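Trainee: Sequence:
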Amino acid sequence: MRFVIQRVTHAACTVDGEVTGAIGPGFLVLIGVSDSDTEETAEQMVRKMCGLRIFQDSEGKTNLALHDVGGELLLISQFTLYADCRKGNRPSFIKAGKPEHAERLYEYIMELCREKHPGIKVERGIFGADMKISLLNDGPFTVILDSEQLFPKG
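Okay, so the sequence shown: first residue is 1 according to full-length UniProt numbering, each after it adds one.
Hints listed in this document are in silico derivations from the structure and should not be mistaken for laboratory results. Keep in mind it's a predicted model, so treat the numbers as computed, not measured. Each hint should be verified, as a subset may be incorrect.
Okay, the calculated beta carbon distance ranges per label pair [what the hints assert, rightly or not]:
id, residue 1, residue 2, range
1, ARG47, LYS87, 21 to 27 Å
2, PHE93, VAL15, 17 to 23 Å
3, ARG114, ASP84, 17 to 23 Å
4, GLU115, LYS95, 26 to 32 Å
5, GLU59, GLU115, 18 to 24 Å
6, ALA65, GLU100, 29 to 35 Å
7, ASP35, GLY60, 23 to 29 Å
8, SER36, GLU59, 40 to 46 Å
9, SER36, GLU111, 18 to 24 Å
10, LYS48, ASP130, 26 to 32 Å
11, SER92, ALA65, 32 to 38 Å
12, LYS116, ILE94, 28 to 34 Å
From the three backbone atoms N, C-alpha and C, an ideal C-beta is built for every residue, glycine too.
Sequences are here, hints too, so could you generate the full structure?
Mentor: Written out as structure tokens, the structure reads:
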């Protein structure tokens, strides 16, 4: 599982001209799922993401987490995070999770964020839709979490 986390002052997702999710200060999170990912993987990733201390404290140090600053989440499914560009110029997406599996885990991540962090506003995109994402990066500050690196199996 891969999360690209962008600290933003605001972000929104629009599908067919309708806003499906919008947030103020917080994280815009692009989520890629592979077929080997499980609910346990999702739980580990959500715990890590929500614990990241990448907001500035009163001394200007990145020392505060999402809940410390009243941050919000906009979660967007993004199978292209598994693009393999090693051969040729056309990316392969063979490592991206099958749509049914990826959508189930995306929904599970949404549920986890709402359940485990009830004080955090959680907004969404639409799985598989042609989404238009607008955002204002704060910093910019972008972090990539890859479950294969963070939580190696075996």
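Trainee: Please go over all the hints and tell whether each is borne out by the structure.
Mentor: For each hint, the structure was consulted:
1. ARG47 x LYS87: 21 to 27 Å: 35 Å, violated
2. PHE93 x VAL15: 17 to 23 Å: 21 Å, holds
3. ARG114 x ASP84: 17 to 23 Å: 33 Å, violated
4. GLU115 x LYS95: 26 to 32 Å: 29 Å, holds
5. GLU59 x GLU115: 18 to 24 Å: At 33 Å between Cβs, range violated.
6. ALA65 x GLU100: 29 to 35 Å: 33 Å, holds
7. ASP35 x GLY60: 23 to 29 Å: 42 Å, violated
8. SER36 x GLU59: 40 to 46 Å: Given about 41 Å between the Cβ atoms, the range holds.
9. SER36 x GLU111: 18 to 24 Å: 21 Å, holds
10. LYS48 x ASP130: 26 to 32 Å: 29 Å, holds
11. SER92 x ALA65: 32 to 38 Å: Given a distance of about 36 Å, which is inside 32 to 38 Å, the answer is holds.
12. LYS116 x ILE94: 28 to 34 Å: Given about 32 Å between the Cβ atoms, the range holds.
Checked against the numbered hints given earlier, this structure breaks hints 1, 3, 5 and 7; the rest are met.
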